[in-house]
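Given the sequences, and given the hints that come with them, work out the whole structure.
If you're matching positions, the sequence shown starts at 270 in our numbering and goes up one per residue.
Keep in mind that the hints were calculated from the coordinates and are not lab data. Be aware that one or more of the hints could be misleading.
Unchecked claim - In silico DMTMM-like pairs for lysine to aspartate or glutamate, Cα to Cα no more than 20 Å straight-line:
(1) 281 - 340
(2) 301 - 340
(3) 281 - 325
(4) 301 - 328
(5) 281 - 307
(6) 330 - 307
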Amino acid sequence: MSREESTRLVLKNARLLLPDFTLSGLHTAVIKGGRICDVFAEEGALTLDEKTDSVDVLDLKGNLLIPGFTDRHTHVAQQMLHGRTSEQYPMVWRRILVPFESALEPEDMCVSASLAIAEMLSAGITHFADSGGPHMEQVASVVESSGIRAT
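Structure (structure tokens):
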């Protein structure tokens, strides 16, 4: 068994958003192998096999625990254009976006993807669907190293 498979992340003192859109009392969530494997009220007991389990504990101090979000329409190739094209309609695609993406080198795509993914992760986005662009193999490399999921 690898360390990743045996390591558990325990998130204690977490509040949950319930199906009726109310907040729960404090709960503990256990994550193993990158997936939530148990959630219980704070009164519950967590048992671990200390010989086979490694545990990292994080106190959420009553903060909300939510699953990661998915952004279903991204353009990571255009990250470096943010804030630069708002006054350029109606021909923004032909005059700016197409020439910009056509000029991107593989290294530029690494930078653009890294910036886009950093912004997504900081906003709680853990999965994205990109529309494509040049040098997508560079994007795939950045995705793999960042841990985010992408399609």
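Hint numbers the structure violates, sorted upward?
-> Hint check: 1, 2 fail, others pass.
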